[in-house]
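Participant: Sequence:
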Amino acid sequence: MVPEQRRQQIVTALGTKGMVRADDLANQLGVSLETIRRDLNELERRGELTRVYGGATRAPKRSESWDRRVGSQVAAKRAIARYAIRLLRPQQTVVFDMGTTLLEAAKALPGDWSGSVLTASRHVADHLADYPGVRVQMAPGQPREGELAVSGPEAERMFAGGFADVALVSAGGVHPQAGLTGSHEDEAAVRRQMIARSFERYVLADSTKLGRVSTYRVTDLSSITAVITDSDVTKDVLDALVARGLRVHIAPPVPVDQLA
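Per full-length UniProt numbering, numbering through the sequence shown is continuous, rising by one, with the last residue being 260.
Source of the hints: derived by calculation from the structure; they are not laboratory data.
Some clues are possibly wrong.
[Unchecked claim] Derived DEER-like restraints, expressed as beta-carbon distance ranges: (1) 114 <-> 257: 55 to 63 Å; (2) 240 <-> 33: 51 to 59 Å; (3) 54 <-> 8: 16 to 24 Å; (4) 5 <-> 257: 50 to 58 Å; (5) 30 <-> 212: 49 to 57 Å; (6) 231 <-> 91: 29 to 37 Å.
For every residue, glycine included, the Cβ atom is placed at its ideal position computed from N, Cα and C.
Kindly produce the complete structure, drawing on both the sequences and the hints.
Facilitator: As structure tokens, then:
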């Protein structure tokens, strides 16, 4: 089989499954793993797929909503991210959720930190891939269009299959009665496993998420070690959350000259 025929079969498999593994492709197509890796690299260069750890997913379309989210609440997200990263210790296993605040947290991780990272976010995995002391495991699963992230049963199984020292998770809403909620059912299910299998569980949520309820329940506030938010949180919302027994850490603002 000539290379272009093989690559077309890879693209066809992606169209059917959404994600392919390099070792499976090597077995199915009767070539070496190194040959498949070269094929995947070439197809990614053409924009026909996105490489992930151990294989590839369909190339996502750039989401305007992601672009907007990256550009919103930048100061708050950066403050929260820096605060959260200071809670980590060397040689821990840390879960990084998907989302823009968690990408900021990955960027805040010192280059000399060493440990293991489990994530459902390609943005996080890509950023940490070159950290010499960090072992990154990217979850398998159904690609989320525009998010460069995965969810679904495979991702749930990965996070349910072991334990982590710390989980850093995002939220669509943090409410005194409704607890932790999210906007997408599949994301909420993955996040639930991240929390259930971690000894310390921190929710990274800017003040616009506090007091808010999204569609899908993730977990009760009693399952959360603490919420980390920014200094714009209002007193009434803060008091209501604290009254329910939730610990709330308020991250100090980032200096303006460090926001560029």
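Participant: It remains to establish, for every hint, whether it holds in the given structure.
Facilitator: Hints, verified against the model:
1. Taken as a hint, the range 55 to 63 Å is violated for the pair residue 114 and residue 257, whose Cβ atoms sit roughly 30 Å apart.
2. The hint said 51 to 59 Å for the Cβ distance between residue 240 and residue 33, and at roughly 54 Å that hint holds.
3. As the Cβ distance of residue 54 to residue 8 is approximately 21 Å, the hint placing it in 16 to 24 Å holds.
4. The given range of 50 to 58 Å is respected by residue 5 and residue 257, whose C-beta atoms sit roughly 55 Å from each other.
5. Between residue 30 and residue 212, the C-beta spacing of about 53 Å keeps the proposed range 49 to 57 Å intact.
6. Checking the proposed 29 to 37 Å range against residue 231 and residue 91 shows it holds: the Cβ atoms sit about 32 Å from each other.
Violation of the numbered hints given earlier is confined to hint 1; every other hint is satisfied by the structure.
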